[in-house]
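Residue numbers (numbering that gives the first Met the number 0), protein chains in the order written: chain X, 0 to 108; chain E, 0 to 108.
These are calculated hints, taken from the structure and not from any lab test. Since the structure is predicted, the reported quantities are computational estimates derived from the model, not experimental observations. Any given hint could turn out to be false.
Below, simulated DSS-like cross-link-like pairs (lysine-lysine); rule was C-alpha separation at most 27 angstroms, straight line [what the hints assert, rightly or not]: (1) E/K76 <-> X/K78; (2) X/K100 <-> X/K88; (3) X/K100 <-> E/K104; (4) E/K72 <-> X/K76.
Derived DEER-like restraints, expressed as beta-carbon distance ranges [what the hints assert, rightly or not]: (5) E/S34 <-> X/K43: 21 to 29 angstroms; (6) X/H68 <-> E/E5: 18 to 26 angstroms; (7) E/S45 <-> X/D51: 34 to 42 angstroms; (8) X/K88 <-> E/K102: 13 to 21 angstroms; (9) E/Y91 <-> X/K20: 50 to 58 angstroms; (10) E/S15 <-> X/K102: 27 to 35 angstroms; (11) E/D94 <-> X/E5: 18 to 26 angstroms.
Each residue gets a CB set at the ideal place from its N, CA and C atoms; glycine is no exception.
2 protein chains.
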Amino acid sequence: MEDRVEISLLMDLYSSLLTEKQNEIMQWYYDDDLSLAEIAELNKTSRQAIHDLIKRCYKQLLSYESKLHLLEKSINKEKEIINFLEDLKNKYSIDDKDIIKYKEKLENL
Amino acid sequence: MEDRVEISLLMDLYSSLLTEKQNEIMQWYYDDDLSLAEIAELNKTSRQAIHDLIKRCYKQLLSYESKLHLLEKSINKEKEIINFLEDLKNKYSIDDKDIIKYKEKLENL
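For reference, chain X alone in the conformation it holds in the complex (with noise of 0.2 angstroms):
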């Protein structure tokens, strides 16, 4: 279906607004690896009512990102956080182990 790295990404940051029927759906498709006819099987339900759920799933996620944009901001942290380390290395010897240990800290603000 579509990029499934995009929407994993999009999950760790919104599934919290997916109610708990659509995270169990998505979370068997994608990280399980259930076929539509077996996640259609457990649901008593058809494969095209499975293949339609994930379909508005996805949607409703790049909705909130087009609203909340925490996923391209996530994107930009990080680049800004290599140029920062970058610019302290440059103006102060840092050392590379303290780098590594700020990145960390700073990936995780």
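Given the structure of chain X, go ahead and fit chain E onto it with the hints provided.
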């Protein structure tokens, strides 16, 4: 009604998830300081209807925060930046001017 500072912080984070109409009324009430009666007149509706709409918006904002925790994270981020810069300053002799510059940079991450 509710705490204006909290509402303002929540609106900064989640207003994009409210409708245009909800945003308009929240802005009139909290930013432009219009009364419920004034907003009701502008919308050709009752004071009670506006009161209920604002209350519903506030609940929606709280619900988004309970799921995404963006406000909680931003408060923690501020504390962690201060700790990080203190550690950095203690270990390396960083200029005060640079500390101020770094603080601003990290706050915008």
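Do the hints match the structure? See the list:
| no. | hint | result |
| --- | --- | --- |
| 1 | E/K76 <-> X/K78 | holds (18 angstroms) |
| 2 | X/K100 <-> X/K88 | holds (13 angstroms) |
| 3 | X/K100 <-> E/K104 | holds (18 angstroms) |
| 4 | E/K72 <-> X/K76 | holds (15 angstroms) |
| 5 | E/S34 <-> X/K43: 21 to 29 angstroms | violated (54 angstroms) |
| 6 | X/H68 <-> E/E5: 18 to 26 angstroms | holds (23 angstroms) |
| 7 | E/S45 <-> X/D51: 34 to 42 angstroms | holds (40 angstroms) |
| 8 | X/K88 <-> E/K102: 13 to 21 angstroms | holds (18 angstroms) |
| 9 | E/Y91 <-> X/K20: 50 to 58 angstroms | holds (52 angstroms) |
| 10 | E/S15 <-> X/K102: 27 to 35 angstroms | holds (30 angstroms) |
| 11 | E/D94 <-> X/E5: 18 to 26 angstroms | violated (42 angstroms) |
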